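Asks: Here is how the chains run, residue by residue.
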Amino acid sequence: MHLKYESTLREPLVDGVKDYHQVTEDIISPIEAKPGKLWYVGFFISLMLLAFGAFSVTWEVYYGTGVWNLNKTIGWGWDITNFVWWVGIGHAGTLISAILLLFRQGWRTGVNRAAEAMTIFAVMCAGQFPIFHMGRVWMAFFVLPYPNTRGPLWVNFNSPLLWDVFAISTYFTVSLLFWYSGLIPDFATVRDRAKTKLRKLLYGVASFGWTGSTKHWQRHEALSLVLAGLSTPLVLSVHTIVSFDFATSVIPGWHTTIFPPYFVAGAIFSGFAMVQTLLIIVRKILGLEDYITLGHMEAMNKVIVLTGSVVGCAYLTELFMAWYAAVPYEFDTFYKYRAAGPLGWSYWIMMTCNVITPQVFWFSKMRRNVAVTFVMSIIVNIGMWFERFVIICTSLYRDYLPSSWSYYRPSWPEVGFYMGTFGLFFTCFFLFAKYFPVIAVAEIKSVLKTSGESFKKGMEQYEQQSAEEFEAGLHHDDDHHHDAHGAVAHAHHN
Amino acid sequence: MAVKNFVVASFSDEAVLFPAVKKVRTAGYKLHDVYTPFPVHGLDHAMGLRETSLHTAGFIYGITGTTTALSCMSWVFNSDWPMNIGGKPHFPLPAFIPITFELTVLFSAVGMVLTFCYLCQLAPFVKKHIFNPRQTDDKFVMAIEVTAKTNAEELKRFLAGVGGEDVNEQRVESGWWFGRFDREDRLFETKVEAVNA
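So the sequences go chain by chain: X and F. Each residue of the first sequence is one higher than the last, beginning at 1 in this note's numbering. Each residue of the second sequence is one higher than the last, beginning at 1 in this note's numbering.
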């Protein structure tokens, strides 16, 4: 017998007095209402950014990558910086939905849906950069291994850049499947309460004819668990492979074995920051403060301070190794061209934003403060952008030959491209927030009777009892379900 | 599938649903299905459903991915177009690991989702009868098939007795068909029904 009981010492995951219907009502009704003015304004700005991005990219494709300020010394600039940055952001969703599912972290249910959506949109943005960096983008399919008339000339399976192709596309596919399989039951909920014909049609198609049959739920649970199990090593592998793009080369500052764990920690760090940025806005606009509680934000801030400190340790380890290894090139890269030199300012922005400022989250008051969290989430993402910029540009701009030393600042198509991916990301996110259940309705319902505030109140009398009394009580009223909330009665029958 | 008669009852609380399922099974009625708005743990056991073997399918798809990746890459590097890349060996197993791992995960995930959709008969434009529109909201809806041996009236009283609310009888298609949720007609009419008419 599985006892469904959770200590009242644990903070409720759902605030307020709610039953199942109220949960549906709270989460689905924003989909049925007309979007507010703020939504239209935000959506319009995103579309404009997207349009400008499309223009910048078209410009680049038409005139060639020469319109970017890359040169023979700095072959990777904003494009790969932005690629790594977006991929990193795309790690929080799968981390929340997969790793926290395996670790049985109940709080993930409130935030996983939006975080997974964010993952998918971020990976979409990330993918644009390596593709358009190819220059002749119409040849992009050359990266795929397929029998061709050029030999057949195959791709190089030894190359980390090819591993990236496989890693990113697999990650995108698996995240999408995981996300959509979770959405199917919730789409069915929207469908069955739809009042308009169009909504019934569209959500009917999207819900794949889901009925909520017990057998289907059993398979759905098995599917979610295995997908979580698969996604856990996957999410770690993706940023590991991204770090191999650098670590397997022989450029000072890149050629280190610390890169995989350091990149993964950084990815989680920036991903959680982006989740915070988005969810603080979403919970406010859609009025979902009961579901995305301060407790959720605190939990994520704990992850941020942990991973931020891991990243900080990695920075210090790099500095130590650069000195201890006694390789002059390595030493110069870190001490002369990163921490000092013409691009030294970027290193100190990175240090401040990623290592120093997140330390405020050691204080519970700060972790539970919405304004502080919001500002911090943006600072962290600025810091993480600079981390990638520092890794890429400050390793490249001082070459082995002083005659090829260079400096780098982006041209307008590079900046436009980056802004365009913001446009893509937020256009998708605005559509998601309007037309999709932003919180996993079915999952919230399944934790409501153990972790909802009103049900926890009903458990207080049992918390006072000793274990023996509780045990005796269980046998005594085995067939009576007099408890008003059904919390204990519920416990008997599982 | 076929058009059948069902007696349908809904329940508001899992605590009432579980004993009701037990009693329905002991009484020997043909329990068609229980529809719930979220996965109710233990309900599959209470209904006597067997465990799903979806995990096993996932494992088989996974090793298919592993084999595909390893065999394709080594065929390309050793037999189809052996190339000297910086003097590296033609079977560099460590360098094959990332792609092998990715394909294992990809095959397993895609295969499992497709199998899941096939087993549950889920696809766009698939339509099934919804016994109670609140079964995806807050009600646990139990459908019992009325067979030749079942006395429908007695069954209705029985269900009301075990705590079922809103007990009613429905004559509906028990399988799936291609249709839209905003319209009653089917996308493809089957000829069988025309012959029967």
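No lab work stands behind these hints: they were computed from the structure. From a predicted model like this one, the values you see are computed outputs, not experimental measurements. Where hints are given, some of them may not hold.
Said to hold, decoys possible - The calculated label-pair distances, taken between Cβ atoms and stated as ranges, are:
| id | chain 1 | residue 1 | chain 2 | residue 2 | range |
| --- | --- | --- | --- | --- | --- |
| 1 | F | M83 | X | G64 | 27 to 33 Å |
| 2 | F | L49 | X | A140 | 26 to 32 Å |
| 3 | X | L431 | F | G48 | 25 to 31 Å |
| 4 | F | P94 | X | F363 | 42 to 48 Å |
| 5 | F | F91 | X | Y62 | 41 to 47 Å |
| 6 | X | T257 | F | G48 | 50 to 56 Å |
| 7 | X | Q105 | F | G42 | 46 to 52 Å |
By construction, the Cβ of each residue, glycine as well, lies at the ideal position given by its N, Cα and C atoms.
Asks: Next step is simple, just say for each hint if it's right about the structure.
Replies: A quick look at each hint next to the structure:
no., hint, verdict
1, M83/F - G64/X: 27 to 33 Å, "holds (29 Å)"
2, L49/F - A140/X: 26 to 32 Å, "violated (47 Å)"
3, L431/X - G48/F: 25 to 31 Å, "violated (43 Å)"
4, P94/F - F363/X: 42 to 48 Å, "holds (45 Å)"
5, F91/F - Y62/X: 41 to 47 Å, "holds (43 Å)"
6, T257/X - G48/F: 50 to 56 Å, "holds (54 Å)"
7, Q105/X - G42/F: 46 to 52 Å, "violated (22 Å)"
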